[in-house]
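Given the coordinates of chain A, work out where chain B should sit on it, guided by the hints.
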Amino acid sequence: MRRILDITLPLAVALLVLGAWEWAVAHWQVPAYVLPAPSAIVKAFVGNFDSLMAALTATFLITIAGFLGAVVAALALAILFSQSRLIERSLYPYAVILQVTPVVAIAPLILIWIGFERINVALALLAGSIAFFPILTSTMLGLRSVDFNLLDLARLYGASRRQMLCKVQLPSSLPYVLSGMKTGGVIALIGEVTAEFAAGSGTATGLAWRITESSNRLEIATTFAALVLLAILGVAIFAALSLLEWLLLRRWHESAVAS
Amino acid sequence: MIRLNGITKRFPNGVQALRDLSFTVPGKQFVSLLGPSGCGKSTALRLAAGLLAPDAGRIDYPQGKPEIGFVFQEPTLMPWADALTNARLPLDLGGVPRVEAQARAAETLARVGLKGFEHAYPRELSGGMKMRVSIARALAARPQLLLLDEPFAALDEITRNALGDDLLRLWREDGLTVLFVTHSVSESSYLSQRVLVMTPRPGHIAADIGLPSGRDTRLSPGTVEAQRAISDALNNAMAA
Numbered sequence: 001m002r003r004i005l006d007i008t009l010p011l012a013v014a015l016l017v018l019g020a021w022e023w024a025v026a027h028w029q030v031p032a033y034v035l036p037a038p039s040a041i042v043k044a045f046v047g048n049f050d051s052l053m054a055a056l057t058a059t060f061l062i063t064i065a066g067f068l069g070a071v072v073a074a075l076a077l078a079i080l081f082s083q084s085r086l087i088e089r090s091l092y093p094y095a096v097i098l099q100v101t102p103v104v105a106i107a108p109l110i111l112i113w114i115g116f117e118r119i120n121v122a123l124a125l126l127a128g129s130i131a132f133f134p135i136l137t138s139t140m141l142g143l144r145s146v147d148f149n150l151l152d153l154a155r156l157y158g159a160s161r162r163q164m165l166c167k168v169q170l171p172s173s174l175p176y177v178l179s180g181m182k183t184g185g186v187i188a189l190i191g192e193v194t195a196e197f198a199a200g201s202g203t204a205t206g207l208a209w210r211i212t213e214s215s216n217r218l219e220i221a222t223t224f225a226a227l228v229l230l231a232i233l234g235v236a237i238f239a240a241l242s243l244l245e246w247l248l249l250r251r252w253h254e255s256a257v258a259s
Numbered sequence: 260m261i262r263l264n265g266i267t268k269r270f271p272n273g274v275q276a277l278r279d280l281s282f283t284v285p286g287k288q289f290v291s292l293l294g295p296s297g298c299g300k301s302t303a304l305r306l307a308a309g310l311l312a313p314d315a316g317r318i319d320y321p322q323g324k325p326e327i328g329f330v331f332q333e334p335t336l337m338p339w340a341d342a343l344t345n346a347r348l349p350l351d352l353g354g355v356p357r358v359e360a361q362a363r364a365a366e367t368l369a370r371v372g373l374k375g376f377e378h379a380y381p382r383e384l385s386g387g388m389k390m391r392v393s394i395a396r397a398l399a400a401r402p403q404l405l406l407l408d409e410p411f412a413a414l415d416e417i418t419r420n421a422l423g424d425d426l427l428r429l430w431r432e433d434g435l436t437v438l439f440v441t442h443s444v445s446e447s448s449y450l451s452q453r454v455l456v457m458t459p460r461p462g463h464i465a466a467d468i469g470l471p472s473g474r475d476t477r478l479s480p481g482t483v484e485a486q487r488a489i490s491d492a493l494n495n496a497m498a499a
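Going down the list, the protein sequences come from chains A and B.
FYI, the numbering for the first sequence is 1 to 259, going by this note's numbering.
FYI, the numbering for the second sequence is 260 to 499, going by this note's numbering.
One chain only, chain A, in its complex shape (with noise of 0.2 Å):
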């Protein structure tokens, strides 16, 4: 029952804004440059529906290219730093001024460096750098969490630093990376969709590159459906790694067992 109203009420609620959208918009009749109606954002939709499809891919592919980059790099980085204190302390402050320097202040730079014949690289780039920081500090956070007496018994069994690592440290680690990992992915839709704007019209492809094109051409119904699709492909990324969390940990952690 409980989770028939967990999808039923959000649902409802979403009918009644959209009714009183329509409503509202036919009643004092609101120019669709300022407020297109719902219905006009379908049909806006479907009318583009090919160019949105491959807007919404071009984003995807780049999100998850960043992301996925973000994800190894911040890992190999975490282990590096719980090898060596030395390591850590030379190169984690590095990290933190990358993480605190807006995507949008460098993404000039970027798109520069990697030149624009090859956005999609300098754009997976800039998603990453704005994602590996979470799943880093997360990883980071894991590895040091790690039960001190199981550390100290697979020590007495003689364990190697790469035994410690991978039958120890990394598993105890899980739910962290993974936790790291659905803050990194969400906002690394967010790195590539402001790295979209900062490279400007006429070289991306994106959806962040169609809201602007339509806005600037006032088809403000079609601005809408990209807003649509971002929001969607958001919640479709943070749900996958949902999935893969509880997939991983609902064995064995309390986080994944209760939900």
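Any given hint could turn out to be false.
[Stated by the list, open to error] Not everything, but these chain A residues come out facing chain B in the computed CB check (under 7 Å):
no.: 1; residue: ASN149
no.: 2; residue: LEU150
no.: 3; residue: ASP152
no.: 4; residue: LEU156
no.: 5; residue: TYR157
no.: 6; residue: GLN163
no.: 7; residue: PRO171
no.: 8; residue: ARG251
[What the hints assert, rightly or not] Restricting the straight-line Cα-Cα distance to at most 30 Å, the calculated cross-link-like pairs of lysine-lysine (BS3-like) are:
no.: 9; chain 1: A; residue 1: LYS182; chain 2: A; residue 2: LYS167
no.: 10; chain 1: A; residue 1: LYS167; chain 2: B; residue 2: LYS374
no.: 11; chain 1: B; residue 1: LYS287; chain 2: B; residue 2: LYS374
no.: 12; chain 1: B; residue 1: LYS324; chain 2: B; residue 2: LYS287
no.: 13; chain 1: A; residue 1: LYS167; chain 2: B; residue 2: LYS324
[Said to hold, decoys possible] Facing chain A, a subset of chain B residues (Cβ under 7 Å, in silico):
no.: 14; residue: THR335
no.: 15; residue: PRO349
no.: 16; residue: TYR380
To be clear, the hints were calculated from the coordinates, so they are not data collected in a lab.
Bear in mind that the values here come from a model prediction, so they are computed numbers and not experimental data.
We put the beta carbon where it would ideally sit given N, CA and C, even for glycine.
What follows is chain B alone, placed relative to chain A:
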């Protein structure tokens, strides 16, 4: 089997845990290390295992360093792994081939009464069962020296007694040498052949009490008599 000689240990926060701690545990003996909370019992056990280094004094293994099994106060299991994988850990780390490790771990789980629970995860087991997995893990490596750090302290009395009896059986069957840290007078009086009573911190040995045979049950006159002797020694150590 193991000899601690004049051990001193001070932690970086300034706490002196042990001062001039000396004792010997001969092979195949079941020895309890008893004392009040914070007297340095666990520190002594970690030193004996080689997990800590003493500031002064020596730890010798006259017959060579034995294979050591260690059981913590908490089960200290890998929550992401089932009982079998947990029990297999020392074997995996020691490079024992997977099939052999699997068979040995399963056999050890059966010996501690967990046949049928090989694929249960720690969160699916009771506190007593988790501790049995922990003991199975310690025994899987076929240790000569078994070190236990208040392993039953967090368990209810019925489970504690059952596990105590199992431990005695395993000690006899395997010819183990056991160093058992506890703060329970009744537990030490029933389980061990010898009780080392420690002073409050900085801990050292205040009394070394050899217990006579005739302690077949927890309520045997011999056990009750041993409890009295241990309690007296503990009271004297606390007052000193």
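* Asked: Are LYS167 (chain A) and LYS324 (chain B) close enough, with their CA atoms no more than 30 Å apart?
  -> holds (25 Å)
Grab the minimum C-beta distance from ASP152 (chain A) to chain B and call the hint holds if it beats 7 Å, violated otherwise.
Status holds, d = 5 Å.
Restraint status (C-alpha distance of LYS167 (chain A) to LYS374 (chain B) at most 30 Å): With a Cα-Cα distance of about 24 Å, the restraint between LYS167 (chain A) and LYS374 (chain B) holds, given a limit of 30 Å.
LEU156 (chain A) as chain B interface residue, shortest Cβ-Cβ below 7 Å: Interface hint status for LEU156 (chain A): holds (6 Å vs cutoff 7 Å).
- Item | chain A contact restraint for TYR380 (chain B) - C-beta distance below 7 Å | TYR380 (chain B) check passes; min Cβ-Cβ to chain A is 5 Å, inside 7 Å.
How about PRO171 (chain A): closest beta carbon in chain B under 7 Å, or not? Nearest chain B Cβ about 5 Å off; hint holds.
Checklist entry - Is the hint on TYR157 (chain A) kept, meaning its closest Cβ partner in chain B is under 7 Å away? => result OK, holds: TYR157 (chain A) within 7 Å of chain B, min 4 Å.
With the threshold set at 30 Å, check whether the alpha-carbon distance from LYS182 (chain A) to LYS167 (chain A) stays at or below it. holds (24 Å)
Are the Cα atoms of LYS287 (chain B) and LYS374 (chain B) separated by 30 Å or less?
holds (27 Å)
Interface restraint verdict for THR335 (chain B) against chain A (beta-carbon cut-off 7 Å): Nearest chain A Cβ about 4 Å off; hint holds.
Against chain B, with CB atoms and a cut of 7 Å, does the hint on GLN163 (chain A) hold up? Interface hint status for GLN163 (chain A): holds (6 Å vs cutoff 7 Å).
* Asked: Does the CB of LEU150 (chain A) sit less than 7 Å away from some CB of chain B?
  -> holds (6 Å)
Hint violations for this structure: none, all hints satisfied.
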